[in-house]
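Peer 1: If you want the building blocks of each chain, they are given just below.
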Amino acid sequence: MTAPNEAAPAPDAVPTAAKPTRLAPIVTLDAKFFWDASDREEFVGQQCGACGKFRFPPAPMCAHCNSLDTRIVQLSGRGKVVSWIKPIHPPAFGFKEPPTVAVIELEEGTRFVSNVVGIAFEAVTMNMAVEVCFEATMGNHKVPVFRPAQ
Amino acid sequence: MTQRQAAIVGIGATEFSKESGRTELQLAAECAKAACDDAGISPKDIDGMITFTIDNSDEIGLARCLGVKDLAYTSRIPGGGAAAAATLYHAMALIDANVCENVLIWRAMNERSQYRFGQTPTNMSGYTAGHGTGSLLWCIPFGAMTPGTWAGLAGRPYMEKYGVTNRDFGLLSVQQRKYASTNPKAWFYEKPITLDDHQNSRWIVEPVLRLLDCCQESDGAVAILVTSMERARDLKQPPVRILGATQSIPRNVEVIANFYHDDLAVMPEAEGTAKRLYKQTGMKPGDMQAAMIYDAFSPHVFMQLEAFGFCKRGEAKDFIASGEIDIGGKLPINTHGGLMGEAYIHGMNTMAEGVRQVRGSAVNQVRNVRNVLVSSGMAGAILARD
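Just so you know, the sequences run in chain order A and B. Numbered per our numbering, the first sequence finishes at 141, counting up by one with no gaps. Numbered per our numbering, the second sequence finishes at 1571, counting up by one with no gaps.
If you're looking for bench data, these hints aren't it; they were derived computationally from the structure. We treat Cβ as the ideally placed atom computed from N, Cα and C, and that holds for glycine. Among these hints, one or two may not hold up.
Output of the computed footprint for chain B on chain A, the stretches with three or more beta carbons under 8 Å from beta carbons of chain B [to be verified]:
| # | stretch |
| --- | --- |
| 1 | 70 to 77 |
| 2 | 81 to 89 |
Partial list, derived from the structure: chain B residues whose beta carbon lies under 7 Å from chain A [claimed, not checked]:
| # | residue |
| --- | --- |
| 3 | G1337 |
| 4 | K1363 |
| 5 | I1389 |
Could you put the whole structure together from the sequences, leaning on the hints where they help?
Peer 2: Encoded structure:
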């Protein structure tokens, strides 16, 4: 017996995107602004209102001048790959094929762990320029990932 | 009054297995009792207790098992295994300050039969504040959910900068398994490996870690008992002086997910630990006859050898390839087989091996040992003969 959702689509049906299997982020109060922005496909960060330094991971105080004056600003979304790996075992949860996991050094000077997409793992090189794009997760969220800069 | 000096007077352990068949609290009680018996101190007289995070055995529960009469101090240090050697630092401070007489350090884990560090976690509570691992939250949606993936990401810039290959890591693994093969307590007793075995073991994280670059998952427990040097001289074992001990957690350094500091090809926490330790003791790398270095994953050992000045930056691969870490080399390391070869008791078994080397009772005994470095990356100690 075939379950209803396994029935063959009508020949003229528009193919629907596969349901996302990527895990949604665990959202802490200090980082909620970031993940909320990601859901809107915006890549934002914290900048100190007093000394202008960017910081990551999110924190309520500037480590350079200890100011609480924190601004949430749009980041350029541009950066370079400074480390990249392919997790083989155990298989990365939520991925059908092993993802390229990378540390991205952003133009603003902070670093961000993400995926590099749209390029084979073997073709990634140290300091390769990348730019942000977004991918869907379970639970209707989106997270920033990076592709080779256009 | 002159400052007291701390000494390790007892070490105790359970067997190391993949399925202990008893609770972690029982393992904790067994190893603690064994350390007390080794020293000739009654468990009832323990007045300080120290462990580090990611241990499920409860301080008060363990004190109750042991019949501790009046506990004067307890602490649980953040950072998981990176804090292993910090326990010696805290114990030393307690003895020096006359706060405690008998300080018990312990670690008990059913880390293979009850839960598995190497697998994708099913419980995310370890990622919350207080575990020193908050940055791991930022890895989860991207398929980096295991210690291997974080260590791989942290290790690759070092490999790229110095032209280190996974084959270079293999030589460390082969050496540690050689030590384990002659250690009856080791899980991999009588099971040495070749470089081919290492290179044929499956990838865990390409191109950094193969299976044989990773520590084990183990069940077991280890305890260390610390008291004053003065008292130690009247006890059963030759005293092992804690000549110096320290901790270093530099800005932007994270436990294992260590990719936020400036130069990713170095371990600033190990460099900070080395600097403080050498200053504290007036010693230099050449004064060590052996070193016990936390080996959760191969790259950690390479980077610590360089941070502690046993070789120059980028030269750990040559130091290891030329046999310097073997029993007759300049600096035998992890002579019990390490966390890869003996067992993964979160660094505690590695510190116990440091004690045995100073006592002269190790199965793979280094000749003429006076000083041994023990390091867990974010903390370290120099153990010395009386």
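Peer 1: Against this structure, judge whether each hint is valid.
Peer 2: Evaluated hints:
1. Beta-carbon proximity to chain B at under 8 Å applies to 5 residues in the stretch 70 to 77 of chain A; the threshold of 3 is reached and the given coverage holds.
2. Taking a C-beta to C-beta cut-off of 8 Å, the stretch 81 to 89 of chain A contributes 6 residues in contact with chain B, enough for the three needed, and the coverage statement holds.
3. With its C-beta approaching chain A no nearer than about 4 Å, G1337(B) sits inside the 7 Å limit, and its interface hint holds.
4. Restraint check, K1363(B) versus chain A: the minimum CB separation of about 25 Å is more than 7 Å; hint violated.
5. Satisfaction of the interface hint for I1389(B) is found here, the shortest Cβ-Cβ separation to chain A being roughly 5 Å, below the 7 Å cut-off.
Checked against the numbered hints listed earlier, the structure breaks hint 4 alone; every other hint is satisfied.
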